[in-house]
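Novice: Let the hints inform the model, and build the full structure from the sequences given.
Plus 41 on top of the position in the sequence shown (first one is 1) and you've got our numbering.
Hints are computed from structural coordinates only; laboratory data are not their basis. Remember, it's a predicted structure, so these values are computed and weren't measured experimentally. Watch out, some of these pointers could steer you wrong.
[Said to hold, decoys possible] Using 30 Å as the maximum straight-line C-alpha spacing, the simulated BS3-like pairs for lysine-lysine come out as follows:
| hint | residue 1 | residue 2 |
| --- | --- | --- |
| 1 | K610 | K706 |
| 2 | K690 | K706 |
| 3 | K712 | K565 |
| 4 | K712 | K520 |
| 5 | K320 | K175 |
| 6 | K676 | K541 |
| 7 | K690 | K565 |
| 8 | K541 | K520 |
| 9 | K476 | K676 |
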Amino acid sequence: MLRTSEGLHSYRRVFPAHSLLVLAQEEANLAAAWAHVTRRRDLPEAMPWEAEASAEANAETAPIADLQESLERVLWGRYSVPSLRGYLIPKTQGGVRALAIPPLWDRVLQRAVQQVLSQAIEPLLSEVSHGYRKGFSRLTASQAVQQAWQDGYQWVYEGDIHDFFDSVSWPRLQQRLQALFQNDPVIAAVMAWMQADVVFEGETIQRRAGLPQGSSLSPLLANLILDDFDHDMEAAGFRLVRFADDFVVLCRSPEQAQQAYESAQTSLQEHGLDLHPEKHAITDRADGFRYLGYLFVNDLVLDVGGKTGAALEKTALPYHSWAAQLAERQATQARNASSLQAIIERLAQKQPLLGGERRQGGAVINIMGELPCVLSTSMGQLQVRRKEQLVLRTPWRQIESILLIGNHQLTTQAMHAALAQDVTIHFANGFGEYKGVLTHQRTSEHQATWMQQVMAFQDPDKALYCARLVISARLRHMKEVLRQRKLAQAIPVLEQALRKAGAAESLAQLLGYEGSATREYYAKLASVLPPEFAFSGRNRRPPRDPFNVLLSLGYTQLYALVETVLHSKGLLPWQGFYHQSRGRHAVLASDLMEPFRHVVERSALRMVLRGEMVAEDFTYTPAGACLMSDEARRKYVALLLQQWEVKVKALGQTETLTLLEQVQKQAQSLKNFITQGESFQVFRLR
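Specialist: What follows is the structure, encoded as structure tokens:
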């Protein structure tokens, strides 16, 4: 016992009598490590098996004495850590996973050390961490999510740590280990293993950070690094459930979920980490979300398997990955056509490397407006000019696709650049109607998506799940339009439909809710329109009053715009989940336009109530059809086109996007639902 200068008492820190490396040398520990590794329990199933250099690789009895001698050399700093071997393993969703795996002998040594380290570290970890821990699993994580629901937490913030395993700071890791184990030689051993180079196809890559995905130590060290994050979120009062770098925060309100996002970002940035910009969302439990292969909807939990969390469709390798570094080096080395072709042929024998190409999934360039633009190319970059003024310049390799709406021009050189860079260009007229596509047609990726789409929407449960979401959003937006016009009082039918739509038992029942609510909605709109507009409800083919003309024209433009987006996303517009298929009608466009119909209604209302559209702009035929003047039509279409460039922040989003980008985001989410089993995120106003 020591007395401080202030007269307080402190206690001398007790240091261990020997290193943890000595415990790792115990015979039982080494035997367990040998059995674990030689039975390949430390490698993923997709890992290609190679003949190990050691003659004892297939021996049932562990060579205890030799392993003890190796650990003795580790203890005294005389062990030379071998390089990791790089492997590119195909993912089920496409693309590759870059593994860096030690040789068998080294894997046994690391496993032996991991077994003793875990005994010291595990008791210190928070119980919100469910990954790679004895007594914890994805099942216990799902049970924690369920318990939170029972305790009244119905909102979910879904997060994913960006490029976590490849981004862990080595100095921060060493500090964490030293805080626990002081000067134990085990720290130097662990750091040497974590910092090992990677050898791939005869080339040595020096890693700059991260935990190698292939080491037995990496999962334990990942939990150690993220334990601060766990405690930060708990101290802030959040209900966190984490499995490795994939986590959810259960909340009582969307506002608290937004606070959870901000707190998570702050905590992670303190450790040099960040949230993935495209893998997080705020979701109402009633809308359903997917986590660790489970689908959670209210109090229902379904084990649907597959990929966890919100996954990117693109398969580019993380920026800090050793494979990404290799790709960058190879791109630098390709100084002429022959050397580039040699690299392509060599990599083609393995899984494809996507490092250095569209790291964030690639940009979708939208070009619209009445003034035409000219697209050209220069020095490997797309250039867009309007009236000779440069409005956009960006590298072709950072573009995924281009959508041209209107009379825009594309130079022949730009066409060739787009084809060479596999950038798809979609064309629509000024009204938004899809016209065609410029593409290399060297892949069949869309055909596979079409098959999955047909199969998904033939499943009644999946079709109903999607339909509930889009119609619930439609009903919410109708109420919001009425609220903005102070018309949201006394709407019992719409209120009842809002309560029941999310639990509709069939498409027919859902259609009934929507139909009755829409009639009440249109009646409310009619109450504020000028009498000369003679609007008493929806009619069409042909429309018989001015406001129905505005609705029909606006809905037609919206339909064309959504169909164009579906083509650009590689979805079949004619295969839907809610509206009835008929002829060449793009029923999926009708389905996905539901959450956006209010944009048309709000625009039409505004023009009429402001006097920008008057009864004199319309005429009637002898048969009773209502027609719109050319001048009024041009003015109205121009307004609608401007609306799609207005930026809004949807419920659960932290970014502000144009309405056109919101249409694209919703279509992409549906595609991810079809191809990857992710939850379908429908556009909803905040």
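Novice: Holds or violated: K541 with K520, Cα cutoff 30 Å?
Specialist: Holds: K541 and K520 sit about 15 Å apart, inside 30 Å.
Novice: Please verify whether K712 and K565 have alpha carbons no more than 30 Å apart.
Specialist: 36 Å, violated
Novice: K690 and K706 were given as a pair; does the straight-line alpha-carbon distance stay at or below 30 Å?
Specialist: 12 Å, holds
Novice: Taken at face value, is the distance from the CA of K676 to the CA of K476 at most 30 Å?
Specialist: This hinted pair holds, its Cα atoms lying about 23 Å apart.
Novice: Please work out if K690 and K565 have their alpha carbons no farther apart than 30 Å.
Specialist: 27 Å, holds
Novice: Compare the distance between the alpha carbons of K320 and K175 with 30 Å, and conclude whether the hinted pair is satisfied.
Specialist: 28 Å, holds
Novice: Is K712 close enough to K520, meaning Cα to Cα at most 30 Å?
Specialist: Distance ~28 Å between K712 and K520 Cα, so the pair holds.
Novice: Are the Cα positions of K610 and K706 separated by 30 Å at most?
Specialist: 10 Å, holds
Novice: Check whether the Cα positions of K676 and K541 lie no farther apart than 30 Å.
Specialist: 39 Å, violated
In this structure, the hints that do not hold are numbers 3 and 6, in rising order.
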